[in-house]
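K.L.:
Chains A and B, in that order, are what the protein sequence lines are.
Anchor point for the first sequence: position 156 equals 156 in the UniProt record's numbering, and the numbering is continuous, going up by one each time.
Anchor point for the second sequence: position 245 equals 245 in the UniProt record's numbering, and the numbering is continuous, going up by one each time.
Keep in mind that the hints were calculated from the coordinates and are not lab data.
Think of the CB as a built atom: it goes at the ideal place given N, C-alpha and C, for glycine as much as any other residue.
Just so you know, not all the hints are guaranteed correct.
[To be verified] Once the Cα atoms are required to be at most 35 angstroms apart in a straight line, the calculated DSBU-like pairs of lysine-lysine come out as:
(1) B/66 / A/51
(2) A/21 / B/325
(3) B/38 / A/132
(4) A/51 / A/112
(5) B/14 / A/51
(6) A/42 / B/70
(7) A/112 / B/70
(8) B/38 / A/21
(9) B/70 / A/36
(10) A/9 / B/325
(11) B/325 / A/50
(12) B/66 / A/42
(13) A/36 / B/325
(14) B/325 / A/29
[Unchecked claim] Stretch-level coverage of chain B by chain A, calculated; a stretch enters the list once three of its residues show a Cβ under 8 angstroms from a Cβ in chain A:
(15) 44-57
(16) 303-314
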Amino acid sequence: MQALTNRAKAVDRRPMTFMEKLYIPAIAKGMSITMKHLFQRKATVSFPEKKRDFSPVFRGLHVLNRDEEGRERCTACGLCAVACPAEAITMEAAERLPGEENLYREEKYAAKYEINMLRCIFCGFCEEACPKDAVYMSETFAPANYQRKGFIYGKDDLLIPHPKEQGK
Amino acid sequence: MTLLSIDWFFIIEKVLLISAVLVLSLVVAMYSTWGERKVAAWIQDRLGPNRAGPMGLLQPLADGGKLFFKEEIIPTHANRFMFILGPSIAMMVACMTSAVIPWGDNLTIAGRTVSLQVADVNIGILFIFGVVSMGVYGIMIGGWASNNKYSLLASVRAASQIISYELPMGLALIALLMLTGTLSLKEIVEAQRHGLWNVVYQPLGFFIFLICAFAECNRTPFDLPEAENELNGGYHLEYSSMKLGFFLFAEYINMFISSALMATMYFGGYAFPFMDSLGLSPNMLTVLGFLALFIKTLLFIFLFMWVRWTIPRFRYDQLMRLGWKVLIPLALANMLITGAVVLMRQH
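With the rest of the complex left out, here is chain A:
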């Protein structure tokens, strides 16, 4: 039979020789290996003090983006909800009233925007589907919560801080 990989190894079923039956060389070899590990660099990350960097393609918690003037980009088109395979996103659209031009970029905006983090599978399709570059996936985890309703993230959880008002 042809080997699928070149890593296949035939098992040696010959009876053990006297040297092998002594076990001592094998034990010494094993102990030298463990001794080597004693001095190796540790894989542990001391978590709360040191945070591990995520990979650049990591898909974490969602954020709703704003434009340069701090206006919400989302127009409640619903493409992200359609793209979502887990059906985690729901939204309600509303029309911008006069005088709200500094709040919303387009005439239509999302009055309610919710992502159910218990359903979300962090596939990133919403991010890809968004024509307005409004929804992004950040590099953080959803924090733990005691109740299921705590995992339904509304707009106040998702919107990133206002770029101009942030300093205040």
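Use these hints to put chain B onto chain A, whose structure you have.
P.N.:
Below, chain B alone, put in the same frame as chain A:
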């Protein structure tokens, strides 16, 4: 009146020494648990306990506190007296063996010579064997009193292991006794102080003793008595809180004492190379000697841990085969050869 007078200084001195040795073995056992976790972590490329205190040094206190505050359960059908007796025997026996180990040479304090050995009895090794074999009762009673078939089976397994390995251990020691001609541990150390260490004369004997010490302390690869993952929990299956803690703690004390014993009998005890040519005062030498013994002991404890994280556990039949078919014949052969050499030297 003078006939009945008691040497109060002698009694105070011994009481102090006994307390010191007891505290030392308890502290070492406590920190062995910390050391075990640290060594395990380092070998597995982890950091180990480092949250409680600097370097995790308060970890044993936290563990101890936890054990004390855990709920204590005595099974309804267990024999209450026996159930408590088991861990008590294990702990008591573990603490008793330290009495005959010479922790150092004599100290001279205000004209009095104080020996750093609780009891220099001329049957030192026999005493240790007698006391160590009592340890089986702790395990047997612990397993039997739980009134649980699994604990009983485990304790039978443990007892047979300990008894099996006591034989080659004794045989290995007989070869040593043929060389030194004494059972007193102090004299064995003194002989090594002026000559070579016994391990040079008795490498095979030491090796057999080492293996048996591993088995007697229930350390990996001989930790069948508490193989919780593939056998059952072991003889302490039904135990909780500090009674379980006593069993585990006794094991660490045993490890410390057997390490000290190996250092004493085969690695010169408190003697270290060139100690008599340094020109130091006797008291200074005694302190240094104690440190030398302590370092040797710690190295042995490290060896125990190092082996634990290297070698997998034996199967029960392999364990018995090694004990009866390999170690006992080897120990007998070692005894025979030693005897022949001793005889040849005399003629």
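K.L.:
For each hint, tell me whether it holds in the structure or not.
P.N.:
Hint-by-hint comparison with the structure:
Annotation: proposed proximity of residue 66 of chain B to residue 51 of chain A holds, straight-line Cα distance about 30 angstroms (limit 35 angstroms). Annotation: proposed proximity of residue 21 of chain A to residue 325 of chain B holds, straight-line Cα distance about 13 angstroms (limit 35 angstroms). A threshold of 35 angstroms between alpha carbons decides the hint, and for residue 38 of chain B with residue 132 of chain A the separation of about 53 angstroms lies outside it, so the pair is violated. A C-alpha spacing of about 33 angstroms is found between residue 51 of chain A and residue 112 of chain A, which places the hinted pair at or below 35 angstroms, so the restraint holds.
Using a Cα cut-off of 35 angstroms, the hinted pair residue 14 of chain B and residue 51 of chain A is violated, with the two alpha carbons roughly 55 angstroms apart. With a CA separation close to 33 angstroms, the supplied pair residue 42 of chain A and residue 70 of chain B stays within the 35 angstroms bound. For the proposed pair residue 112 of chain A and residue 70 of chain B, the alpha carbon gap of about 50 angstroms is over 35 angstroms, so the pair is violated. The straight-line distance between the Cα atoms of residue 38 of chain B and residue 21 of chain A is roughly 32 angstroms, inside the 35 angstroms bound, and the hint therefore holds.
Distance hint between residue 70 of chain B and residue 36 of chain A is unfulfilled; the C-alpha atoms sit about 38 angstroms from each other, more than 35 angstroms. With a CA separation close to 34 angstroms, the supplied pair residue 9 of chain A and residue 325 of chain B stays within the 35 angstroms bound. Our distance criterion of 35 angstroms between C-alpha atoms is broken by residue 325 of chain B and residue 50 of chain A, whose separation comes to about 54 angstroms. Using a Cα cut-off of 35 angstroms, the hinted pair residue 66 of chain B and residue 42 of chain A holds, with the two alpha carbons roughly 28 angstroms apart.
The suggested pairing of residue 36 of chain A with residue 325 of chain B holds, with an alpha-carbon distance near 33 angstroms, which does not exceed 35 angstroms. In summary, the hint linking residue 325 of chain B to residue 29 of chain A is supported, as the alpha carbons are separated by about 25 angstroms, within the 35 angstroms threshold. Only when three residues or more bring their CB closer than 8 angstroms to a CB of chain A does the claim for the segment 44-57 of chain B stand; here the count is 5, and the claim holds. Coverage of the segment 303-314 of chain B by chain A holds [criterion: at least 3 residues with CB-CB distance below 8 angstroms; count 5].
Checked against the numbered hints given earlier, the structure breaks hints 3, 5, 7, 9 and 11 and satisfies all the rest.
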